[in-house]
Amino acid sequence: MKEFLTLFRLEMKSRFGARGTGKPFLTVLKVLVALVLVGLVYAAYIFGIKQLVSMFYLYGMGNEFLILFIALSLLILTLFGISSVIKNLFRSGDNELLMRFPVSPQAVFASKISVFILYQIIFTLFIELPVFIIFGMTTGQGWTYYALLPVVLIFCIVLPLSVANLLAIPVMQIGARAKNMFTLSLLISVILVAAGFYIYMNIIQSVVNYMKEEAMGFFSKETMGIVSEAAKYIYPANWFAYMLIGEWRIGTSFLSLLVVAIFAAGAFFLNKRCYLPTILRDIEGNGATFTFVTKNKRRSPAWTTFCREFLEIFRSSNYSFQYLCMAVAAPVMVYSCNKLAATMGENTIGAVIVPALALMVMLIFCAIILSFAASSVSREGDNFYLTKIVPLSYRTQVLIKIALYMTVSTVSILATALVMYLSHQVSAAYSFSAAGIAFLVSIAVTAFAVRLDTTRPQFAVGGDGELSVGNVSTFVVLFVGFAISVVYGLFGMVGIFLWGLTKTFLILAGVSLLLAVAAVLWLMIGLDKRYDRISPR
Amino acid sequence: MNEEIEKNPERENLLVIHHLKKKYLNANRYSINDLTLELKAGEIFGFLGQNGAGKSTTIKCITGIHPYDEGEIKICGHDMKTDSIAAKMNIGYVPDNHSVYEKLTGREYVNYIADLYGVPLEERAERMDRYLKMFKISFAVDRQIKGYSHGMKQKICIIAALIHNPRLWVLDEPMVGLDPQSMFDIIDEMKAHTAAGNTVFFSSHNIDLVSKLCDRVAIIHDGELKRLIDLHEEGARESLEQVFRSLTMAENKA
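Note that the protein sequences, when read in sequence, are chains A and B.
Note that my numbering has the first sequence beginning at 1, numbered continuously upward.
Note that my numbering has the second sequence beginning at 1, numbered continuously upward.
So that you can see chain B by itself, here it is in the shape it has in the complex (with noise of 0.2 Å):
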């Protein structure tokens, strides 16, 4: 993935987003405010911040969750606003609180994902499989969802964002009640998913997993990009966290 990075800087961009601005309905100030980023085919890209300061916001547009008053984004060059669906097709996504259609059992909500991304029967059947078996929770896949423990359920979340190999591949701080082989198992697979030329974005508190991760880096504060970090620049993955820390805490005190 870094190598391929590295031999062709000029990929195509999976997403860009262009000076978005977003207010919430009764709020005083933009919660993103004039974000601008692009995110090339083929890297992982973390996305730090302070709790509140416009993370889980920005994903929730880039997703569509949420509308957004000013700017534009791009999935795949298909436009948010104007081409949702066809943008849309291109992204899988897993939410900060795993939330699922519980009274369906595991098998039935990914099959229910999968038929609303078109994938056909050999590829979804595929899929689950390795999935399932990556993150062991075969046992449980004909069980009802609301059975299935915190783990359990951002699995299944993951399998069913993945369940149409997406090209922008969405995750609001992944890592959370995963136990360890879990989140191992997912960081391979967000390795195997770029290095097959898709993008990985994912926000995270956790400064050392992004720093030994991804590729590159942005950090938000208040609702502005604060910097963009190429990691692999010299000396940018060891001087993350003191980056993150002046960043932040000097907006703090400020």
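Next comes chain A alone, as it looks inside the complex (with noise of 0.2 Å):
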């Protein structure tokens, strides 16, 4: 208990020990600020489930809403918890450092796990017991419903998180075994992703046309049906939520509890035989890397830097995924928005507004894939010394970096282009100027990105060299390239009636090439200088 007791509060001082600024004014400043925004979002979450809760009832769905909203929670917590479990307890960075000392492993899964169980208890009391409250108290449960509340609410924190536990250590051999395929899980990444995205929004645009051809909304008779008979097939949430409202209760009740018991039996187990090997084989496997037999060749210092960033995100599964996959998957994704868009447009305003709506869906896209700009150098690492003695002004590593996301950007907008004409969803001259203005708005957003993190880099970094924290610069990015992508959409669809087509985009070009060289020299001047007082200890 003493070693468990010790290792928790190491546990809890490495994920939440002192961050202030150093002034006492800025750390409440910015906590305040943080907890206006918070609350902020907090009352519109709790506004729109209270209404959502009220129109579900008012309709006869009640019931259904609880159970939805059940499984979506157990799906969310366990999707989370499965990548929570592989980080922080197999993959955790001090594994190998707590090897060493005389702890039981033992003693170093239930520290570790403790953890995650409480972000799980926050998780619930703050986004689940609002929901259950709302729903009790706008459908009007009984004294029942609130006795068994805490039960339901401890249920969907453990079930989660022993699924979460069972399919931890498969997932992570899988990932293990396709480590080293860089093409392949790059491949296999763009499938899924392009995949599930047309999938999901196809499902979206059925419902969308089912409504338009039935001429009903949501709450028809019809839709109605069909949930309330896929709400009955939803196992486990459907007996949790039998339980809360007594259908069935006792027999519910004890599904439930039956359920949850052998998951987490399941988990114990496992983690008991297995937690500390695992912990082993992944330190061991750690070092596996692969072979590449190239000869010596000589190239450029521009073009061998180029080289050098392209292999430093291809072989990485984390940044080739969150850049290179998305860059390649853009088409497919816009082409899906695109079809949903065109057809919600034409429904309300008309067939007119399509291309400024592909030109809007192209550049939210775009933020995504550039966002990635936004770690340029703080991708560095520890590595960032090497861009300080080398031979190459910090000027022309900065615009070799600013190459390399162009020409992705560039090709991906391109190819978007091409299959939003293909599709016929958008005419060529739209389609490529589209692809013209959303060029020039990637260079704005790539300078923007590139300054941003020239001026304040962080090089958290992990074992494996990679960034271990969200980027502050990267939300900052998509926050204003999806304000860039909204403010052009609307004004696109806005100009169309009152200039034309031809005319707005026109207006849209010239306000792209402005924002362009405005924000390309806000990069460029005095980078020399700023890129200088980088300086790491």
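Note that these hints are calculated values from the structure, not bench results.
Quantities reported herein were computed from a predicted structural model and do not represent experimental measurements.
Glycine residues also receive a C-beta, built at the ideal position from the N, C-alpha and C atoms.
Take the hints with a grain of salt, since some may be wrong.
Quick partial rundown of chain B residues pointing at chain A, CB under 8 Å, derived from the structure [what the hints assert, rightly or not]:
1. R107
2. E108
3. L116
4. R124
5. M128
6. F184
Join these two chains into a complex; the hints should help.
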């Protein structure tokens, strides 16, 4: 127990240790701003849930809402759980260190899983509990509902945790096998992302079409029938819900308890048996790398830096997924979004707005892809010193990185334009005009992203040399990118009616050119000095 | 090397540091305070000091990693602030943490560095082959660096630092983590490098090694140069440890 408490405290300290700025005023200000923002988002969440519950209840689908909500929570917690279990339990940076100390694997496991459970409790209390209470109040549930609520909440924590534990080891093994198969991994990721997105958008599309054809809303008799029927088979979410609302309470309580107990026992025994061997195998396998025989060849400094930057991304499963996979899958994703947006837009406004919608969707995906540029310097991590000692100006190095990002995004944009044209979503002229605008915006977003990262890079890298924390600049770039996309989309749709499509696109191209020039100037002026000032200790 | 210096004391200065001052952001004291050093061609120069004395900071200023507040650094006559590319062309640097692009193979990494310094293909092939054999890592050169041991990473760093045959070879605690044979190989290479008219500047905690290997040594404490010692002077090698202890311990007590 003492071992566990020491390790638990250590784990908590490593996650939530003092991270103040050293300036109390700024720290307090940051906390206050964060609290206000979180408070606003939370208030919106509660308001939205209240409306949703009332709506479902009004149409006599309160129970179905509860089942769908529990199912969704279980799914999110399980998916989040698998990655957390792998990251925090099996691949935690301090595992190798802790294994050297006289502490039992069980104590290490317990301390790490406790932190994870703590996260789940917080999620359950702040996200799930209000929904259950709102549901109980709206539908007028009796005391048994509230009495059994803690039990269901515990089930909602234990079940995803157990399933995640059971699935983590097989997922890790698959990941380890595909570790050095870079092209194959990228290809599979692209197919999965594109297919998943395509299927998802098609489902939404069919719902939209169905509503349109049947001239009815979600709460039509037919839709409600389908949802009610489906809800009956969403196990074990329906048992948890029935247990609360009193449908066959004894039976569903027993079944719920049984299923949670089976999964929990399975996870317990699996981890007892496999935790230590899995950690040791993973530590050992960490050094397992590939052999790639090449010949010595001479390249120009710029081209060799370009190739090195690309290989660093391509040979990292994380970076490759975040960047290359998204860029390659973008045409399919834009096509699917366009298809849906066009259907919805045509219904409400008219087919004339489709090119503006297509431009907006294209820009959204450009922002997602190019947000990667916001960690261009940070990603150097411990190797940042190399960028300072080599006889290549900082300006050139930064421009090479930008050239790589622009090459990838331009190929992606052109492929997207081609797909839009070939699928007859938008005419050739407007497809490629949209691509031109997207290209200019990409220059602006990339320059903006790199500027942010050269101002304040964060070199927090993990044991694998990859960024271990979310880069603030990435979120800023995403936000700005999305804002530009929405503004362009709205302006385009309004402009089409005011000045016609050609003139609107010309205006947007002009604005984009100005944005690109401004962002490039903002990046380039004082770049060498700014870069020179970056000096990790 | 030693004879060369003795024969020709007016050799060119490959590294000149004048009144160097460096203060880290938010620090309340200078990490390097008014440091002046001149390193001649053909000498092995040792840099001694306790932990936190300012050795690594000085090296990072010399190599261009850290900007500095005041003073001047010239490599082969090129100012590090105003003519940094030309200055960097003449430096080969081996860091203390052996950080390299671990996703590349050893050959890819060395070729990358060679490309940056514009090393012709034949020269790089000859040098790479020679160093790989010297450090006995030919078997791993086409493996991803990520799987290298600590010592192997150190060796690939050294090969990359020497691939362009730099006039000034800077090493930050180079012997840490190396097997005895590799240490002897590095010492031999340092001697060969200086014999060819180049200069080696290295920091170390190993006083014994410094006293045997170096021509001159600087002792730094709290960012200030405490003593510059010519080890060719009589009794200087034997008394180095005593001098180091007296300079650093006296300061500590004070």
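Evaluation of the provided hints:
no.	hint	verdict
1	R107	6 Å, holds
2	E108	6 Å, holds
3	L116	5 Å, holds
4	R124	6 Å, holds
5	M128	7 Å, holds
6	F184	27 Å, violated
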